[in-house]
Amino acid sequence: DAGVIQSPRHEVTEMGQEVTLRCKPISGHNSLFWYRQTMMRGLELLIYFNNNVPIDDSGMPEDRFSAKMPNASFSTLKIQPSEPRDSAVYFCASSSTGLHSEQFFGPGTRLTVL
Amino acid sequence: EDQVTQSPEALRLQEGESSSLNCSYTVSGLRGLFWYRQDPGKGPEFLFTLYSAGEEKEKERLKATLTKKESFLHITAPKPEDSATYLCAVQARRDDKIIFGKGTRLHILP
Numbered sequence: 003d004a005g006v007i008q009s010p011r012h013e014v015t016e017m018g019q020e021v022t023l024r025c026k027p028i029s030g031h032n033s034l035f036w037y038r039q040t041m042m043r044g045l046e047l048l049i050y051f052n053n054n055v056p057i058d059d060s061g062m063p064e065d066r067f068s069a070k071m072p073n074a075s076f077s078t079l080k081i082q083p084s085e086p087r088d089s090a091v092y093f094c095a096s097s098s099t100g101l102h103s104e105q106f107f108g109p110g111t112r113l114t115v116l
Numbered sequence: 095e096d097q098v099t100q101s102p103e104a105l106r107l108q109e110g111e112s113s114s115l116n117c118s119y120t121v122s123g124l125r126g127l128f129w130y131r132q133d134p135g136k137g138p139e140f141l142f143t144l145y146s147a148g149e150e151k152e153k154e155r156l157k158a159t160l161t162k163k164e165s166f167l168h169i170t171a172p173k174p175e176d177s178a179t180y181l182c183a184v185q186a187r188r189d190d191k192i193i194f195g196k197g198t199r200l201h202i203l204p
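Quick mapping for you: the protein sequence lines, in order, are chains W and U.
Each number in this note's numbering corresponds to the 1-based position in the first sequence with 2 added.
Each number in this note's numbering corresponds to the 1-based position in the second sequence with 94 added.
Bear in mind the hints are in silico, worked out from the structure with no lab data behind them.
One or more of the hints may lead you astray.
Said to hold, decoys possible - Straight line, CA to CA, 20 Å or less: simulated EDC-like cross-link-like pairs of lysine to aspartate or glutamate: (1) U:LYS153 to W:GLU104; (2) U:LYS136 to W:GLU16; (3) U:LYS191 to W:GLU104.
Just chain W, same shape as in the assembly (with noise of 0.2 Å):
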């Protein structure tokens, strides 16, 4: 079992730019989440995914900020412009039971907006 797997794994882009992050859920796995991980506000749910339905964005901070999943293996988050600000590491989780139990966590993309 390969896991989560993220992509790429660091990035480095310049104010302005368009950032796209990938993540490729455990096979099997209904449920998808996004979170955003900084040393000064830990980490935060952006928003999650039930069999590929958006059920709550409430944590995505910007309109900047967007995400889809088009089918079951493949979600991405997009950042638009992109803002020194949005620098963290983000996490891509799944799970097979949706919120209420244990999510299996990717190893991250680290996020440098200069």
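With chain W fixed as given, assemble chain U onto it according to the hints.
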């Protein structure tokens, strides 16, 4: 406002020296409390879920307990490989939102 506070922020122990990590929470109706372990450069790894006051769960040298206001993660006779950041999260029954604490960085000295 729902919130989670973990203490201490950091803890250094000698190998074999038992201790406890604290997670205090305020939530309007607890659906569940989760403990995760996070190693540097990696994503969090699930440890336990607790649902009601009085519940306890164990895994190797770790035991998690829950009251109506806080949870403890007890570590017995820790080893250097137990060094990690331990994260606590609560889920509110009202809206299912999950809130993470900022974690406790645990360092076990050989």
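**OP:** Run the structure past the numbered hints and jot down the numbers of the failing ones, going up.
**Re:** Checked against the structure, the only hint that fails is number 2, while the rest are satisfied.
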